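In our numbering, the protein residues as written are 41 to 404.
One or more of the hints may lead you astray.
Claimed, not checked - Computed cross-link-like contacts, BS3-like style, restricted to lysine-lysine with a CA-CA straight-line distance of at most 25 Å:
{"no.": "1", "residue 1": "K176", "residue 2": "K75"}
{"no.": "2", "residue 1": "K49", "residue 2": "K176"}
{"no.": "3", "residue 1": "K49", "residue 2": "K371"}
{"no.": "4", "residue 1": "K199", "residue 2": "K371"}
Since the hints were derived computationally from the structure, they do not count as laboratory data.
These numbers were taken from a predicted model, which means no experiment stands behind them.
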Amino acid sequence: MASEALFSKVRLGTHQLSNRIVMAPMTRLRAPDGKANAIMAEYYAQRASAGLIITECVMISDTSAAYINCPGIYGDDFIDGWRLVTDAVHAAGGKIFMQLWHSGRVAHTSLMPAGAAPLAPSAIVGVGELHTPTGKQPLSTPRALSIEEIQDIIRAFGKAAQRARLAGFDGVEIHGAFGYLIDQFLRDGSNQRTDIYGGSAENRTRFLLGIITAVQQFFGHDVGVKLSPASRAHGMTDSRTETTFAYVLGQLNEADLAYVHMMEPLPGDESPDLLLGETVAFARKHYAGPLLANGGFSGERASLLIAQGGADLVSFGQAFIANPDLPARLKTGTVLSIPDYTNVYGLPGQPLEVGYTDYAAALV
Numbered sequence: 041m042a043s044e045a046l047f048s049k050v051r052l053g054t055h056q057l058s059n060r061i062v063m064a065p066m067t068r069l070r071a072p073d074g075k076a077n078a079i080m081a082e083y084y085a086q087r088a089s090a091g092l093i094i095t096e097c098v099m100i101s102d103t104s105a106a107y108i109n110c111p112g113i114y115g116d117d118f119i120d121g122w123r124l125v126t127d128a129v130h131a132a133g134g135k136i137f138m139q140l141w142h143s144g145r146v147a148h149t150s151l152m153p154a155g156a157a158p159l160a161p162s163a164i165v166g167v168g169e170l171h172t173p174t175g176k177q178p179l180s181t182p183r184a185l186s187i188e189e190i191q192d193i194i195r196a197f198g199k200a201a202q203r204a205r206l207a208g209f210d211g212v213e214i215h216g217a218f219g220y221l222i223d224q225f226l227r228d229g230s231n232q233r234t235d236i237y238g239g240s241a242e243n244r245t246r247f248l249l250g251i252i253t254a255v256q257q258f259f260g261h262d263v264g265v266k267l268s269p270a271s272r273a274h275g276m277t278d279s280r281t282e283t284t285f286a287y288v289l290g291q292l293n294e295a296d297l298a299y300v301h302m303m304e305p306l307p308g309d310e311s312p313d314l315l316l317g318e319t320v321a322f323a324r325k326h327y328a329g330p331l332l333a334n335g336g337f338s339g340e341r342a343s344l345l346i347a348q349g350g351a352d353l354v355s356f357g358q359a360f361i362a363n364p365d366l367p368a369r370l371k372t373g374t375v376l377s378i379p380d381y382t383n384v385y386g387l388p389g390q391p392l393e394v395g396y397t398d399y400a401a402a403l404v
């Protein structure tokens, strides 16, 4: 049973949260036309007892082409669908941030507009495979962005934030983790540019800081940033991980954010110079603002971390899939349901609600 530390109120940006349990962003792929819909609204509203919900990754451009059935926010015609989601969550008493995302080189030409090459800081292919209309395929080799294109993407993040505001979101999270575009700029294994966006840690951080500035025009303090410095997802490497991310976190201290969301890597995914279980502590050392921890925490471990001052909030991902009432279950010690992992992602021809909104709350 989790302790009261996890259920105390906390201030995050301009919002007072009812508890320190956050629903982590999770890709669920329930948007066949790329637009949020009523079934997604039901799914998020079911989980509104979390102190904060962060949505799945949301495409800020049609060039963010990693997943089939992933939702977007890159046109005004996306706003109404997301308004269904925010209205439902707010009616249930919850708070919700949208996660803004560009996949960068984690993409395939078959998912890109006109079959174009994916976009990245440098023309270095990532590691892994994606589901495409013709089955699983390795990541496509990207092309390097021009400075003008980089600035266009920064503006696209700002426009996406503006639309998120119009759709009723309480804030946004900038996805700078897990080997996607922002992470690709931050690390020298994927960023080998020689201009103002490459080389030094200062230059490699410039893209992220530009995005923060663009997004804060519409959300002010209610902006979070997600990082995963120890993860090697999609082939990410850096020659000086700790030095790079100490600099990044130092810059984020000056950015007046709502929080930094720090991911612990999965076992076997961690970089050799920033080990599993140390990432949140590393962030606490270098970042003075509110810290949101993620990484397979139980209720007890999350409570202890908060009580000891190691983090201010903890996000839960997989536990929310089959337990829409997760905060109540953690508080009462109710056994958690196990999700059906075959239905985590939306499958072609399968009703959207299967494995999504059909998990019941416990009788507590």
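Results of checking the hints against the structure:
| no. | hint | verdict |
| --- | --- | --- |
| 1 | K176 <-> K75 | holds, 24 Å |
| 2 | K49 <-> K176 | violated, 44 Å |
| 3 | K49 <-> K371 | holds, 14 Å |
| 4 | K199 <-> K371 | violated, 39 Å |
Hint check: violations occur at hints 2, 4; the rest are consistent with the structure.
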